[in-house]
Amino acid sequence: MRFLEIIMKINKLFFASVLLLAANIYASPIESITGAGASFPYPLYAKWAEMYQAKTGMKLNYQAIGSGGGMKQIQAKTVDFGASDKPLSAEELKQNGLIQFPTIIGGITPIVNLANIKPGQLKLTGPVLAGIYLGKIKKWNDPAISALNSNITLPEQDITVVHRSDSSGTSFLFTYYLSQVNPAWKAQVGFDAAVAWPVGVGGKGNSGVASYVQRIPGGIGYVEFAYAHQNQLVYTQLRNKAGTFILPLMKTFSAAAANADWQHTEKFYLLLTDMPGKNSWPITGASFVLMQANQEQATHGKAVLQFFDWAYRYGAQAARDLYYVELPAQAITLIKKSWAKEIKWN
Amino acid sequence: MELNTDLIFRFITQIFTYFVLLILIAILIFLVMGSLPAIKAFGLHFIVSTDWNPISKQFGGLPTIVGTLTTSIIALLIGVPISFGIALFLTELSPTWLKHPLRIAMELLAGIPSIIYGMWGLFVFAPAFGSHVQPWLSQHLGKLPILGVFFQGPPLGIGVLTAGIILSIMIIPFMAAVMRDVFAIVPDMLKESAYALGATTWDVERSIVLPYAKIGVMGSIMLGLGRAFGETMAVAFVVGNTHILSASLLMPGNTIASALANEFTEANGELYSASLIELGLVLFLITSALLFFSKLLLKKLAKYEAK
Numbered sequence: 001m002r003f004l005e006i007i008m009k010i011n012k013l014f015f016a017s018v019l020l021l022a023a024n025i026y027a028s029p030i031e032s033i034t035g036a037g038a039s040f041p042y043p044l045y046a047k048w049a050e051m052y053q054a055k056t057g058m059k060l061n062y063q064a065i066g067s068g069g070g071m072k073q074i075q076a077k078t079v080d081f082g083a084s085d086k087p088l089s090a091e092e093l094k095q096n097g098l099i100q101f102p103t104i105i106g107g108i109t110p111i112v113n114l115a116n117i118k119p120g121q122l123k124l125t126g127p128v129l130a131g132i133y134l135g136k137i138k139k140w141n142d143p144a145i146s147a148l149n150s151n152i153t154l155p156e157q158d159i160t161v162v163h164r165s166d167s168s169g170t171s172f173l174f175t176y177y178l179s180q181v182n183p184a185w186k187a188q189v190g191f192d193a194a195v196a197w198p199v200g201v202g203g204k205g206n207s208g209v210a211s212y213v214q215r216i217p218g219g220i221g222y223v224e225f226a227y228a229h230q231n232q233l234v235y236t237q238l239r240n241k242a243g244t245f246i247l248p249l250m251k252t253f254s255a256a257a258a259n260a261d262w263q264h265t266e267k268f269y270l271l272l273t274d275m276p277g278k279n280s281w282p283i284t285g286a287s288f289v290l291m292q293a294n295q296e297q298a299t300h301g302k303a304v305l306q307f308f309d310w311a312y313r314y315g316a317q318a319a320r321d322l323y324y325v326e327l328p329a330q331a332i333t334l335i336k337k338s339w340a341k342e343i344k345w346n
Numbered sequence: 347m348e349l350n351t352d353l354i355f356r357f358i359t360q361i362f363t364y365f366v367l368l369i370l371i372a373i374l375i376f377l378v379m380g381s382l383p384a385i386k387a388f389g390l391h392f393i394v395s396t397d398w399n400p401i402s403k404q405f406g407g408l409p410t411i412v413g414t415l416t417t418s419i420i421a422l423l424i425g426v427p428i429s430f431g432i433a434l435f436l437t438e439l440s441p442t443w444l445k446h447p448l449r450i451a452m453e454l455l456a457g458i459p460s461i462i463y464g465m466w467g468l469f470v471f472a473p474a475f476g477s478h479v480q481p482w483l484s485q486h487l488g489k490l491p492i493l494g495v496f497f498q499g500p501p502l503g504i505g506v507l508t509a510g511i512i513l514s515i516m517i518i519p520f521m522a523a524v525m526r527d528v529f530a531i532v533p534d535m536l537k538e539s540a541y542a543l544g545a546t547t548w549d550v551e552r553s554i555v556l557p558y559a560k561i562g563v564m565g566s567i568m569l570g571l572g573r574a575f576g577e578t579m580a581v582a583f584v585v586g587n588t589h590i591l592s593a594s595l596l597m598p599g600n601t602i603a604s605a606l607a608n609e610f611t612e613a614n615g616e617l618y619s620a621s622l623i624e625l626g627l628v629l630f631l632i633t634s635a636l637l638f639f640s641k642l643l644l645k646k647l648a649k650y651e652a653k
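Keeping their order, the protein sequence lines are chains X and Z. Sequential numbering of the first sequence, starting at 1, is according to the working numbering. Sequential numbering of the second sequence, starting at 347, is according to the working numbering.
Hints were generated in silico from the structure; no laboratory data involved. Among the hints, a few may not be true.
[Stated by the list, open to error] Taking lysine to any residue pairs in the SDA-like style, the calculated list, with each CA pair at most 25 Å apart, reads: (1) Z:Lys646 to Z:Arg552; (2) X:Lys94 to X:Leu334; (3) X:Lys138 to Z:Thr396; (4) X:Lys139 to Z:Leu591; (5) X:Lys139 to Z:Pro481; (6) Z:Lys403 to X:Asn96; (7) Z:Lys403 to X:Gln180; (8) Z:Lys560 to Z:Leu637.
[As the list claims (entries may be wrong)] To give an idea of the interface, some chain Z residues facing chain X are shown, with a C-beta separation under 7 Å as derived from the structure: (9) Asn399; (10) Pro400; (11) Val470; (12) Pro473; (13) Leu502; (14) Gly503; (15) Asn587; (16) Asn608; (17) Asn614.
Please read all numbers here as calculations on a predicted model, not as lab measurements. C-beta atoms are modelled at their ideal positions from N, C-alpha and C, and glycine is treated no differently.
Assemble the whole structure, with the sequences as input and the hints as a guide.
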C-alpha cells in the first residue's frame, strides 16, 4: 500500500513538471532558430550567428550536413530553413512548397600540383579543363595547355584528375560550368552534384580533394576558393567569357555576381558561372536558403527572415574576412520583395 | 507467494538474447525494404553492372563489390602469414621478458581508431609508397605477361593495393592476438613429446600446434576478414573512391563501405539512395555467406577428424 502511494506521488510530480515545462515553451518567444544543409556557407553562418546572438540574444543552430541533407530536412519540416549550394528550379520549388533565396557568393578554383609553379601562374580555359576531366588531355605538356602557357615549360608528366567523391554543390557548379563551355562534356557527362566521372580519383570534401592533389605530383582538382586560399594551394588562372585570363579573387567573384541578371531570373534560379564581363571569374556561385512557402509557425519563419535581413545589412565585412562576397544591392532588394510576395503566414 | 527469482532471471536473459535476433531481422528487413526500388529497377544486373551514374540514374555495384573483395583478400594475403609468425614467436620463441611488452604493443595497435590508420595511410604511407615502391612495382612486375596488368598505372600512392596494405596492418593485431591465445592452450605435454622425438620448432608448429588449434586459427582469419570487409574510414582515405573498375591494383578503386560513407549523406533521388542501401545489403549477404561457409568448413573438418 505504501509502495503504491509513493508511485502515485512520483507520477504526480512528474506530470506536473512536464506540464510546467510545456507551458514555459509555449508561453515565451523562441530563443533559437534551426537550419541545416550546405557545408560551403557553414563558417560564415556560424560567424554571423555568433554576432547576431551577441546583439539580439537569438541563437542559430546550423548543422552542416550537406546540400542534399538540407533539402530533405526542410521538406520534412524538421528545421526552420534548409541551405543548399544547388538552387532548385521554379518547378521543384512549387512541387515541394518551398521558396529560395541566395545569401552569399563564393568562387571555385582549379588547383594543381606541379613543380615550380606558383599560385595563379598557370593559365587554363574552360574547354581545356573539360578536356582534362574527360581524360582527353593526358599530359601536362599537351599542346592545348602549352599554347596557353608559352612562358612556362611544362613537364611531360601524367595528369591525375581529382574530383569529389561525395555529392556536393561544388561539383554541381564545376560540372555545370564545364557543360556550359564544352559540348562534349555536356553530352558525355552532364552536370549534377554527383556525376559519373570519366577519369580520376575521388576525395571527400574540399579537404579530401586538396590532400589528394597535394599528395599526387601532376594532380589537378577543384576546391572552394576560401579553402584554396587558407591552405595556400596552387590555384590557376581561367579565361572567362570575355576572353580575359583572370585570377580567382573576391573582386572577380563580385564582378560575376554584378553581371548576372537578377531582375529577370525566376525564383533566383541563378548560376553565376561563365558570366559576361571582363572581370568576371567564370566559376562563381551563390549559396541558397530554402524555406517553407507556407509558414505554419510564424514566429520561427519571421525569426529566420530577421536573421538574414540583419546579415544582408551588417554581415558583409564578416563575409569578406572569410573570403566570401556579399550579394549585390539590387539582388538584396529583390530578395526582400520576394519575401513579402511569396511567403504565406498562418 | 515466493517469487521464483531463478525464473525471472532466466526470463530476463532470454529477452536480451532474443533482442539480438530481433535487431538482426530488423536490419535485414530495413535493408531489403530500402533497396526495393533499386532491386526492381536493376534486378540481378545490379551486381554485374559497372555503371554508376547519378544523372542518368544507372547504378551497378560491380566495382565496389570487386573492390571490397580485392582489398580484403590483399589484406589477408599479407596479414595471415605475419599474424601467424607473430603468434608463433610469442608462444614458442620469444624470451619471457619480451612477451609482455610485445603483447601490450599489439593490444595498443588493435585499439587505435580506424580513422587514425586512414590519416596515417594518406599522409605518411601513401606518399612513401607512391614514390619508392609503386614505381618499382610498375617497372618490374608491370611488364610480366598476365600478372602485369595488376601492376600497371601511374604511381599515385593511393589505390586498391594501398588500401589492402593498410587493412592488413589493421587486422594483424586482431588475428595475431587470437592465434596467440589458441596456440597457448595447446597442451605442453604434446609439444614436449614432439621435441623429445627430435622435432624442430617448425615441425612442432606444423604437426602439433596447427592441427590442434585449427579451429581457432580459422576463427581468427574470419575475424580479420570480417573486419576488412566492413572497414570504412581508413579505406575511404586511401582507396581513391572511384566507380571506375580497373584491373590494376595501383589504380584507385572503391569498396562498399567506403562508397556508403562518401555518398549516403547527399544522395538525392530515391533510386540513388536505394542503390546505396542495396550495396549495404550485398555487404550484409557477403558477410553472412562468409560466416556460413566458415562454419560449414569447420563442421566438415570436425567430421573428417572424427573418422
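Okay, the hints, checked on the actual structure:
Only pairs whose Cα atoms come within 25 Å are accepted, and Z:Lys646 paired with Z:Arg552 is accepted, the gap being roughly 20 Å. A C-alpha spacing of about 19 Å is found between X:Lys94 and X:Leu334, which places the hinted pair at or below 25 Å, so the restraint holds. Taking the CA atoms of X:Lys138 and Z:Thr396, the gap is about 23 Å. The hint holds against a cut of 25 Å. Restraint check: the Cα-Cα separation between X:Lys139 and Z:Leu591 comes to about 22 Å, which is no more than 25 Å; the hinted pair holds.
At most 25 Å may separate the alpha-carbon atoms for a hinted pair to count; X:Lys139 and Z:Pro481 meet this at roughly 18 Å. Proposed proximity of Z:Lys403 and X:Asn96 is supported: the alpha carbons are some 21 Å apart, at most 25 Å. A threshold of 25 Å between alpha carbons decides the hint, and for Z:Lys403 with X:Gln180 the separation of about 22 Å falls inside it, so the pair holds. Distance restraint check for Z:Lys560 and Z:Leu637: the Cα-Cα separation of roughly 16 Å lies within the 25 Å cut-off, and the hinted pair is therefore satisfied.
Because the beta carbon of Z:Asn399 sits about 4 Å from the nearest beta carbon in chain X, less than 7 Å, this interface hint is met. This hint holds: Z:Pro400 has a C-beta 4 Å from the nearest C-beta of chain X, less than the 7 Å allowed. Below 7 Å, beta-carbon pairs count as interface contacts, and Z:Val470 has none with chain X, the closest being about 11 Å; its hint is therefore violated. Interface hint at Z:Pro473: satisfied, since its Cβ lies 6 Å from the closest Cβ of chain X, which is below the 7 Å cut-off.
Of the supplied interface hints, the one on Z:Leu502 holds, with its beta-carbon coming within about 5 Å of a beta-carbon of chain X, less than 7 Å. About 6 Å separates the beta-carbon of Z:Gly503 from the nearest beta-carbon of chain X, less than 7 Å, and the hint is met. Checking Z:Asn587 against chain X: minimum C-beta separation of about 3 Å stays under 7 Å; hint holds. Against a cut-off of 7 Å between C-beta atoms, the interface hint on Z:Asn608 holds, since the closest Cβ of chain X lies about 4 Å away.
Residue-level restraint check for Z:Asn614 holds (minimum Cβ-Cβ distance to chain X is 4 Å; threshold 7 Å).
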